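J.: Full structure from sequences and hints, please.
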Amino acid sequence: MSESNGSETILRYRRTPRIIHAVLATSFLILLFTGLALVWGPLAFIAAGGWSRYLHRIAAIGFMLVPVLYVVFDRKSAKEILVDSFKYDSDDVAWFKKMYRYTLGRTAEMPPQGRLNAGQKLHHSAVIVFSSFIVITGIIMWAFKSSLSAEMLSWTAMIHDLSMLALALLLVGHIFFTYVYQAWSSMATGYVPKEDMELEHSKWVEELEHEGAENTSA
Amino acid sequence: MTSAFLLDMSRCIGCEACVVACKTGNELPVGRQYIELIEHTSGTFPNLTGGFQNQRCYHCSDATCVAVCPTGALFKDDGLTRLNRDDCSGCGYCVQSCPYGVPKMSDGRSSKCDACASNVGGGGSPWCVTTCPGKALKYGDRDEILAEAHERVDAIKARYPNAQVYGETQAGGLGLILVLPDDPETLNIPADPPPTPASADLWKNWVQPISVGSTAVTVVGLGVLGVIARRNHVAEMEEIEARKAAAMAGGDAERGGDDV
Numbered sequence: 353m354s355e356s357n358g359s360e361t362i363l364r365y366r367r368t369p370r371i372i373h374a375v376l377a378t379s380f381l382i383l384l385f386t387g388l389a390l391v392w393g394p395l396a397f398i399a400a401g402g403w404s405r406y407l408h409r410i411a412a413i414g415f416m417l418v419p420v421l422y423v424v425f426d427r428k429s430a431k432e433i434l435v436d437s438f439k440y441d442s443d444d445v446a447w448f449k450k451m452y453r454y455t456l457g458r459t460a461e462m463p464p465q466g467r468l469n470a471g472q473k474l475h476h477s478a479v480i481v482f483s484s485f486i487v488i489t490g491i492i493m494w495a496f497k498s499s500l501s502a503e504m505l506s507w508t509a510m511i512h513d514l515s516m517l518a519l520a521l522l523l524v525g526h527i528f529f530t531y532v533y534q535a536w537s538s539m540a541t542g543y544v545p546k547e548d549m550e551l552e553h554s555k556w557v558e559e560l561e562h563e564g565a566e567n568t569s570a
Numbered sequence: 728m729t730s731a732f733l734l735d736m737s738r739c740i741g742c743e744a745c746v747v748a749c750k751t752g753n754e755l756p757v758g759r760q761y762i763e764l765i766e767h768t769s770g771t772f773p774n775l776t777g778g779f780q781n782q783r784c785y786h787c788s789d790a791t792c793v794a795v796c797p798t799g800a801l802f803k804d805d806g807l808t809r810l811n812r813d814d815c816s817g818c819g820y821c822v823q824s825c826p827y828g829v830p831k832m833s834d835g836r837s838s839k840c841d842a843c844a845s846n847v848g849g850g851g852s853p854w855c856v857t858t859c860p861g862k863a864l865k866y867g868d869r870d871e872i873l874a875e876a877h878e879r880v881d882a883i884k885a886r887y888p889n890a891q892v893y894g895e896t897q898a899g900g901l902g903l904i905l906v907l908p909d910d911p912e913t914l915n916i917p918a919d920p921p922p923t924p925a926s927a928d929l930w931k932n933w934v935q936p937i938s939v940g941s942t943a944v945t946v947v948g949l950g951v952l953g954v955i956a957r958r959n960h961v962a963e964m965e966e967i968e969a970r971k972a973a974a975m976a977g978g979d980a981e982r983g984g985d986d987v
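Chains A and B, in that order, give the protein sequences.
353 is the number of the first residue of the first sequence in my numbering; add one for each residue after it.
728 is the number of the first residue of the second sequence in my numbering; add one for each residue after it.
Simulated from the structure, these hints should not be mistaken for laboratory data.
Please read these numbers as outputs of a predicted model, since none were measured by experiment.
Hints may be right or wrong, so weigh each one.
[To be verified] Below, computed lysine-lysine pairings styled on DSS-like, alpha-carbon distance capped at 30 Å:
{"no.": "1", "chain 1": "B", "residue 1": "Lys971", "chain 2": "A", "residue 2": "Lys546"}
{"no.": "2", "chain 1": "A", "residue 1": "Lys431", "chain 2": "A", "residue 2": "Lys546"}
{"no.": "3", "chain 1": "B", "residue 1": "Lys750", "chain 2": "B", "residue 2": "Lys862"}
{"no.": "4", "chain 1": "A", "residue 1": "Lys439", "chain 2": "A", "residue 2": "Lys555"}
{"no.": "5", "chain 1": "A", "residue 1": "Lys428", "chain 2": "A", "residue 2": "Lys555"}
{"no.": "6", "chain 1": "A", "residue 1": "Lys546", "chain 2": "A", "residue 2": "Lys449"}
{"no.": "7", "chain 1": "A", "residue 1": "Lys449", "chain 2": "B", "residue 2": "Lys971"}
{"no.": "8", "chain 1": "A", "residue 1": "Lys555", "chain 2": "A", "residue 2": "Lys431"}
{"no.": "9", "chain 1": "B", "residue 1": "Lys971", "chain 2": "A", "residue 2": "Lys450"}
{"no.": "10", "chain 1": "A", "residue 1": "Lys439", "chain 2": "A", "residue 2": "Lys450"}
{"no.": "11", "chain 1": "B", "residue 1": "Lys831", "chain 2": "A", "residue 2": "Lys497"}
{"no.": "12", "chain 1": "A", "residue 1": "Lys497", "chain 2": "B", "residue 2": "Lys803"}
{"no.": "13", "chain 1": "B", "residue 1": "Lys865", "chain 2": "B", "residue 2": "Lys831"}
{"no.": "14", "chain 1": "B", "residue 1": "Lys971", "chain 2": "A", "residue 2": "Lys555"}
{"no.": "15", "chain 1": "B", "residue 1": "Lys865", "chain 2": "B", "residue 2": "Lys750"}
{"no.": "16", "chain 1": "A", "residue 1": "Lys449", "chain 2": "A", "residue 2": "Lys555"}
{"no.": "17", "chain 1": "B", "residue 1": "Lys803", "chain 2": "B", "residue 2": "Lys862"}
{"no.": "18", "chain 1": "B", "residue 1": "Lys865", "chain 2": "B", "residue 2": "Lys884"}
T.: Right, dumping it as structure tokens:
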């Protein structure tokens, strides 16, 4: 925990997960726009020369590397995203019931949340599921396109497109909550105001204080 | 009224004049051509038979290439399948989906016969038709072309018992009506090409517009909601601050009271 500008902050994301998040964000945005260029007339000229399709494949490698980077360089975050994001407790269920309040910018009466709130867990798990669909269908179209029938190709491309739609909508929601709760600093510097965390992630702050007390006593 | 080509394979001598006329007339660069002549032979010597496959766009009514083209670069017009290369993104779905294997990629974009749209639009004929020395090619109203195809088949039946008209019903009816001296398979042409899969229609006409629409609605909706929600949250934080300040002031007052 540190003090800055008179208000106390907590380290929420260390450098490694922030770098991996940047890899994910960059590759995703490149994939979104180079993919859109293939299927949307006004952007077709970008893809027609062929270079955006190479860029799509390069970004795809970056995108597929993300889980590998987590597992190799940051096991703790890997566990948080891959395991903890799929575990919901009774507070999480209660949180979902009041989610409309959180969406409207009101946190005061929200049930207490841990390091990840229920919405973040759902976001993580949805990103994992739809990214898996994207990767599987993407590899099929990359490596086996020439052996697909018209029907198989349209189904594969349709699942690929729909998964990307889901991820794009999740991104819009992600940006929405980042703006409403001014959460940009968690990925820029890694530090967030303790005051916000006490309001939005009270169980996590308690956990940190408990650990801090244990460390001090030890 | 829709237009169509007549291609009489009993008259095609494989001279490739159509290939050359098409390539020069359409000013196609090296590596691009819309017509390809492929020779097929079958049987064992001395009982050989064979012919030329005049491989070019079949201009299907139920055109799978048009159904899968995401940008609308491929479209139907006057019964023929046109290609506006400026709108092509080079996704290659048409190359993959055509039951006849016609479109090819060239310079990152799809390439195929567009029935000489610019020539015909100006009152001319497609280049291949104007040049064919064997009168194997003709262009005109599809009903008339179809009637002539049947006449030509009747005329060659005695010599070629398997002679038939191809393209009357295939792929919803083709814009290229063939007079074949033998079964289509002998020229490597599918007797019954697979129809456009329903998934292509679902993908292009439903999934794609719904995807774009729902993304736009979400961006606008959450943009407006974002402003409201941010305002709510700021107000809430101010309220909490005020409450804290009041509590602290109250505490100070209490402590002050003790001092007295």
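J.: Could you work out which earlier hints the structure fails to respect and list their numbers in ascending sequence?
T.: Violated hints: none at all, because every hint is consistent with the structure.
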